[in-house]
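**Student:** For chain P, the structure is supplied; the task is to place chain Z on it using the hints.
There are 2 protein chains.
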Amino acid sequence: MLEIERKFLVDSMVFIEGAISKTKIVQGFLNTHPERTVRIRIKGEKGFITVKGISNDSGTTRFEWESEIDIKDAEKLLQLCEKGIIEKTRYLVPIGNHAFEVDIFDGENKGLILAEVELNNENESIQKPNWLGNEVTGDVRYYNSQLSSNPFKTW
Amino acid sequence: MLEIERKFLVDSMVFIEGAISKTKIVQGFLNTHPERTVRIRIKGEKGFITVKGISNDSGTTRFEWESEIDIKDAEKLLQLCEKGIIEKTRYLVPIGNHAFEVDIFDGENKGLILAEVELNNENESIQKPNWLGNEVTGDVRYYNSQLSSNPFKTW
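Going line by line, the protein sequences match chains P and Z. Going by UniProt numbering, the residue at position 21 of the first sequence is 21; the numbering climbs one at a time, nothing skipped. Going by UniProt numbering, the residue at position 47 of the second sequence is 47; the numbering climbs one at a time, nothing skipped.
Hint data in this document are derived by calculation from the structure and do not stem from the laboratory.
When the alpha-carbon atoms are kept at most 30 Å apart in a straight line, the in silico DSSO-like pairs for lysine-lysine are as follows:
1. Z:Lys-46 - P:Lys-72
2. P:Lys-76 - P:Lys-110
3. P:Lys-22 - P:Lys-110
4. P:Lys-76 - Z:Lys-7
5. Z:Lys-83 - Z:Lys-153
6. Z:Lys-43 - P:Lys-72
7. Z:Lys-110 - Z:Lys-72
8. P:Lys-46 - Z:Lys-43
9. Z:Lys-72 - P:Lys-72
Only chain P is shown next, with the shape it has when bound in the complex:
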């Protein structure tokens, strides 16, 4: 239930060459309070509800609980969400022992590309591909919950 991850900007589209999957994601938030966000997500043909807590000081570790839900329920719950539905396409890119999730945002966040990598522990080292840009781990502006209410295009 603890999510340990690092987040980076992406400088180039070269990552697509190494992608092994591509999935459309639509998500909204029932609650964007940083201490307890509640997300509704449709990922491909599946629905999910996810609760995230606050992160530790470095922003690497965060409580996360997720449950798969009926996609029809997810569609109805999305209609209940706060304004600012997020649409993005996720590419899965294996690098060394890790899988980077690279999100190309659409709509109000068009122009933003973010890569996330999940770690087993906070000090685990990762192999950084050359398309990775600056690290933004812990930068609240890049939380999807914040991109929902304060999208990239308005920055």
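**Tutor:** Leaving out everything else, chain Z in the frame of chain P:
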């Protein structure tokens, strides 16, 4: 996914004579926004996550989605909730064709007893037992989400 119900104050403890079950409920809210509350509940030995939407004008009908979750997950999620955990004991009291759920509140809401009855349609008539007090259907103060942040003892 539409919940149709009426809510009443309870004037006397006589209802307990007709109760067929008694269950301890502990619940908190990840979000108390009236348009989209997210509730975590432990009811007896089971955990639940529940999302409720806004009600119609009369307050009788409200969107509701609920999913059972692992009780250990529910315990962790409760720790993440907003301040104002609600504790109450629920009695199930069959009257005619309906089952009244009567909640005796504890903690910060001690002194409050509420009865709810679920209907199949908004115009369905109910048999009112003599222990029922004033109807408070649609009165937002009696929403559990509001009793959490603005408990009965402070009224």
